[in-house]
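*Asks:* The lines below spell out each chain.
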Amino acid sequence: MLRRCGLRAVALALVASVVGCGGGSSGPPVLNWYAPPDNGAYQKLADRCSRASGGAYRVKVSVLPTDASGQREQLVRRLAAKDSSIDVMALDPVFVPEFAEAGFLRPFDPGEAAALTEGMLSSAVESSGWRNRLVAAPFRANTQLLWYRKSVAAAAGLDLSRPVDWDEVITAAEKTHKTVAVPAKRYEGITVWVNGLVTGTGGAIVRDVEKGVDLKPTLQEGGSGRRAAEIMRRLGRSSAAPVNLATSIEDDTRTTFQSGSGGFMVNWTYARGAAVEAVADGQLAREVLDDYGWARYPRTDAGNASRPPFGGIALGVSRYGRHTAAAVSAVRCAGSLENQITYMLESKETTAKAAAYDDPRVREALPMAGLIKESLEQAGPRPRTPYYNDVSASVQRMYHPPAGVDPNTAPRETDDLITGVLHDKVLL
Amino acid sequence: MSTVSTAEAAPRHKKPRGQLDHAQRMRRTGWMLSAPAVAIMILVAIAPLVDAVWLSLFHKRLTTPDANSFAGLSNYWVVLKDPLWWTDVWTTLALTVATVSVEFVIGFGLAHLMQRALHLRRSLRTIVLIPYGIVTVVSAYAWRYAFDPSTGFVNDWFGIDIAWFDHRWSALFVIAVSEIWKTTPFMSLLLLGGLIQVSPDVQEAARVDGAGPWQRLTRVTLPIMKQAVLVALLFRTMDAFRIFDAVFVMTGGANDTETVSFLAYRQLVSRTALGLGSAISVLLFACVLLIAFLFIKLFRTDVSKLGSPT
Chain W
1 MLRRCGLRAV ALALVASVVG CGGGSSGPPV LNWYAPPDNG AYQKLADRCS
51 RASGGAYRVK VSVLPTDASG QREQLVRRLA AKDSSIDVMA LDPVFVPEFA
101 EAGFLRPFDP GEAAALTEGM LSSAVESSGW RNRLVAAPFR ANTQLLWYRK
151 SVAAAAGLDL SRPVDWDEVI TAAEKTHKTV AVPAKRYEGI TVWVNGLVTG
201 TGGAIVRDVE KGVDLKPTLQ EGGSGRRAAE IMRRLGRSSA APVNLATSIE
251 DDTRTTFQSG SGGFMVNWTY ARGAAVEAVA DGQLAREVLD DYGWARYPRT
301 DAGNASRPPF GGIALGVSRY GRHTAAAVSA VRCAGSLENQ ITYMLESKET
351 TAKAAAYDDP RVREALPMAG LIKESLEQAG PRPRTPYYND VSASVQRMYH
401 PPAGVDPNTA PRETDDLITG VLHDKVLL
Chain B
1 MSTVSTAEAA PRHKKPRGQL DHAQRMRRTG WMLSAPAVAI MILVAIAPLV
51 DAVWLSLFHK RLTTPDANSF AGLSNYWVVL KDPLWWTDVW TTLALTVATV
101 SVEFVIGFGL AHLMQRALHL RRSLRTIVLI PYGIVTVVSA YAWRYAFDPS
151 TGFVNDWFGI DIAWFDHRWS ALFVIAVSEI WKTTPFMSLL LLGGLIQVSP
201 DVQEAARVDG AGPWQRLTRV TLPIMKQAVL VALLFRTMDA FRIFDAVFVM
251 TGGANDTETV SFLAYRQLVS RTALGLGSAI SVLLFACVLL IAFLFIKLFR
301 TDVSKLGSPT
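Just so you know, the sequences run in chain order W and B.
Heads up, the first sequence is in our numbering, so the first residue is 1 and it goes up one at a time.
Heads up, the second sequence is in our numbering, so the first residue is 1 and it goes up one at a time.
FYI, nobody ran anything at the bench for these hints, they're computed from the structure.
Quick reminder that beta carbons are idealized off the backbone N, C-alpha and C, glycines included.
Some hints here could point you the wrong way.
Only some residues are given here: those of chain W computed to face chain B with a beta carbon under 10 Å [claimed, not checked]: (1) VAL63; (2) LEU64; (3) PRO65.
In silico DSSO-like cross-links for lysine-lysine, where the CA-CA straight-line distance does not exceed 27 Å [said to hold, decoys possible]: (4) LYS216/W - LYS425/W; (5) LYS211/W - LYS425/W; (6) LYS216/W - LYS81/B; (7) LYS82/W - LYS60/W; (8) LYS425/W - LYS81/B; (9) LYS348/W - LYS150/W.
Start from the sequences, fold in the hints, and give me the full structure.
*Replies:* This is the structure we're talking about:
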């Protein structure tokens, strides 16, 4: 009897779920918005847009993995199978060309594009397009800053009110027996670092990206890959290298920076916001937060202005979603100035909307807003190719661990590896 | 033994016709009953395997659907001549040999302990099994955090300052330790099953005949539980050769700690290079088949010799 009841319950549940699916179509369409995990700000933004739509749609946030590669893997897997349950996806800009080339993204028509790019930073707009069309909407823009402990910089006599270069920073840390923390695990962080160093000399990791697999790897050009290797090797072998340099991700570098050995750190803009929260939670001493200083990303060489990394999120509308028109309106809603400012204050993440940085509320919450805007305007984007993942993984393989990078061989070997990998001649 | 079976088989031929038909009918019913299961097996096991072999003959990318071309066996050639494949094969072999041999020794000890324990036998077995009940990813994280130089306690305990995951062999050491900790219970449980088959009388007889503990172990206990040892080692070796989770969590394959499964995963899932990735998967499958083949061969000859009186 009991067993039969159990069976009935299961059957009822199945029927209910089927009815539930069918019933969904009578209410407003539910847009599935895939986004990285955050502090809940996405959901608030989604709710605001759902309300603003006046019942035209309801946005539901689904959470993606934490790291960019994991996010890409999940989305690629689903979209390659034409999964219709994705309507809007938060994409790391480096994957926009790949998704566009694969036909996963619904391109925006010129009218939509004009509205979606209005008032957005040019670096964010550039990284949202592919083959002269806007295929994703600029949303979040992020950059790395040089974070320093004011006390350490003062003790080392390093003046950070003027541009500094990597060698100066490492020397200052060595002098004061402190560390320079950089996210340098063998993951995307390595590519961000190499790209920052290479573009800082005026070079690029690859050129001619529109040629697909026949693009041209250019780390050997002008010695840019060599200079990058020299700096990474120097830090890797210096007393200023944190013990876990070669395995650290962003949060590990923050731990190092906030510890007794902390001196300098290269990290994304979220670092100070996270420290403020940690102080509020009683996990971090107030003095450490007060000691936080920030400056522009270090120069590779004294002669060239630095090209800070560009990161962030672009919003793509899936070609396979059932409600693309509603998805486009949701994306437009998310990109409005007021929503961007509110979202920025709630999420502590920085926006692609240029005007938001001049808003007094943002200026108050983000004392370094001006520096972030300047960094984003002069950022050095990572290679824009549909094969970004292969290019990046090649760089990660040859430029890791930092202490083991050989400036004489790494640039040539990386160039050869990229060419071989793209033509299915070498494993990666 | 063989005479008995022929004696039994002989009269079967003389059975009346109706009974033979009955046997045939039974067999047919048997096939019909198992047909759904066989069909499902073909669907979930054989079909993907055939698909993987087929895919491995193409240059194919998931994200550039228009740029596919027939590659013949060139994907296999690319894999087999690439030093990365061989590095990964050696890493995997090293991990397999290290973990399975240590697990065997410890597992055997634990099995003995579980068999011999007079008190709390049930609690002991439960306690021994706990690590095996923990999800591999969770245990891998636990070990990773324990050995992490900034947040872990291992360096603190031993007063050392080692970046465990920055070097190949220290990282492989931690991976091996976590694997051993996690799967020794499985090994010991399988071995316990074999150990129970060894009757105390046989042990007693050997003792009376003047066999020392070592002789009793190698000449009596191990030969009798040969099947259990084979199953335990075979299962664990095939399992260990496909190691993925611990490497994924602890090093992400950095510093030459990548294993063959991880390589296949990266080509297939991260790079979406379906051709190359399938070639690696097929080669991995071949390796596992080879391991099974070698084990069965090896045990038939060597261990049976061990058991036979000389």
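*Asks:* Now tell me if each hint is right for this structure.
*Replies:* The hints, checked one at a time:
1. VAL63: Since the shortest Cβ distance to chain B is 18 Å, the answer is violated.
2. LEU64: violated (15 Å)
3. PRO65: violated (12 Å)
4. LYS216/W - LYS425/W: Holds - the C-alpha atoms of LYS425/W and LYS216/W are around 16 Å apart, at most 27 Å.
5. LYS211/W - LYS425/W: holds (18 Å)
6. LYS216/W - LYS81/B: Between LYS216/W and LYS81/B the Cα gap is close to 25 Å, so the pair holds against 27 Å.
7. LYS82/W - LYS60/W: Status holds; Cα separation ~19 Å.
8. LYS425/W - LYS81/B: The hint holds at about 10 Å.
9. LYS348/W - LYS150/W: Distance ~23 Å between LYS348/W and LYS150/W Cα, so the pair holds.
Checked against the numbered hints given earlier, the structure breaks hints 1, 2 and 3 and satisfies all the rest.
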